Amino acid sequence: MKAWYLQSGDQGDIVLSTRIRLARNLEEFPFPMRLDSAGYSKVSEIVAATLNQGDSFRFVRMEELSPPMAHSLAEKHLISPAFANNPQGRSLLLSKDESVSIMLCEEDHIRLQVLRAGLALSDALKAAFEIEKILREKLTFAYDERIGYLTQCPTNLGTALRASVMLHLPALTRMRQIQRLAQTVAKLGLTIRGAFGEGTTPAGNFYQLSNQITLGITPEAAIENLEAITKQIINQERAGQQKMCGDLKTQDTIYRALGIFQSARLITSQECLQQLSLLRIGAAQGMLNIPMDTLNELLITLLPATLTAANNAELTAEERDVLRAKLARERLG
Amino acid sequence: MLCQICGINEATTHLKRNINGNKSEQFLCSACAKEHEGGFSLSLPDVFQGLFGAFNQPAAAAKESRRCPKCAMSFGEIAHLGKVGCADCYRTFYDQLESTIQRIHGRSIHASKPPAETPQDRITKKKAQLQEAIQVQNFELAAQLRDEIKALEGGGEGK
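Protein chains in written order, with our numbering: chain A, 1 to 333; chain B, 1001 to 1159.
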């Protein structure tokens, strides 16, 4: 299987990816906050030993990665930014196709993530539980009958399951509906936030919708809830995009965005996300003949750390902008 | 910092309230601050801070001396950090944590079936880990596992 960002899945015009994250802790060790580097190593060795036999996972010591390589993993949503920023004593188990990543001693001993392209919640949940079962057969997890899996932060108690989908919502953003949407989904136990960066308007109109409640709800019910709400948002967004594209000025900005990628010599990361957002609308609405998987690939591979990591050498900001423009021209020219 | 209500916009407004001695504060974006000028609703981080607020009262401080037998954390430290030290902390401070858990999740009872495990299961797991440790030549870990298996077997059978 290819990495999620090299393909496009179900509902791929709006849903870029699905992620399931399970948190687990070993009963006999204090949580990571109460461990030192040696403790991290010990826990990591125990967990890695249960999985590494099949050679399906690569064991990565975070300290051995260059900062761009570590941050590239965060840009691909394989690890958290905090994990990339605090590599001391921490390790990662990563499947070769980048569909499974297991952060060891992040906020919990085990943070198991499964990633899929498009909307694939059930499939990702099934895959996550298959790996969890392998771990469970050999390890004793911290668990309490009353409050489920015990986690360092009480917000994850219960199933310790965080399911999320990455959405592209340019129409709802333009119609100023995101704030209202955020308040509505909060009442349904979900939360929505920007997927790239933390600016006032999320760069490129990419958002992450995830469940907030983990206790008193089964994993299956949690993802059904998330899926039902995601589908409603998809319908609203599609209708909005269709309406937007009926307008000549919007059509013009979409075709201009393609012109920029085909001709520009310098493209900043911020501009890249903005213009890719326009290309996605054009491709989704049939105006542009660009496959969604190409747009997913460009979105991730042109992010600053991933661009630098792939180049194998340090780059200045301007060198990055030059390289970004060049790669975009080659792909879309 | 992001707005504590919408979680999307940058927080620009610091809202402090004192209702009958109940102090609370929020960091909000201008849009959410405007919306909440009249009323006052609770967001998740807010609810969590509520727990810590409650602990600052003198009566609660008297319980500070109780510590988790495994990781030595006190309830005051848990409340201050918003994080729990180990599995035993939840058991030690369950009564104090329950109301917070209830407020975060809207309920305090887990819905799924528990994974059944007997002491024998634990021994089996440790033996499997021991074999793996020997295979990868991690003898320090292997020695520790061997001692743990001995202790489990000894404790269970009274040998």
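Honestly, the hints are just simulated from the structure, not real lab data. Check the hints yourself; a few may be wrong.
[To be verified] Rough simulated footprint, nothing fancy, chain A against chain B, three-plus residues with beta-carbon under 8 Å:
id, region
1, 1068-1076
2, 1081-1094
3, 1099-1110
4, 1133-1142
Only a predicted model underlies this, so the values are computations on that prediction, with no experimental measurement involved. Don't be surprised by glycine CBs; every beta carbon is placed ideally from N, CA and C.
Comparing the hints with the structure gives:
1. 1068-1076: holds (count 3)
2. 1081-1094: As far as the region 1081-1094 of chain B goes, the hint holds, because 10 residues have Cβ atoms under 8 Å from chain A.
3. 1099-1110: The restraint on the region 1099-1110 of chain B holds, since 9 of its residues have a Cβ under 8 Å from chain A and three suffice.
4. 1133-1142: holds (count 4)
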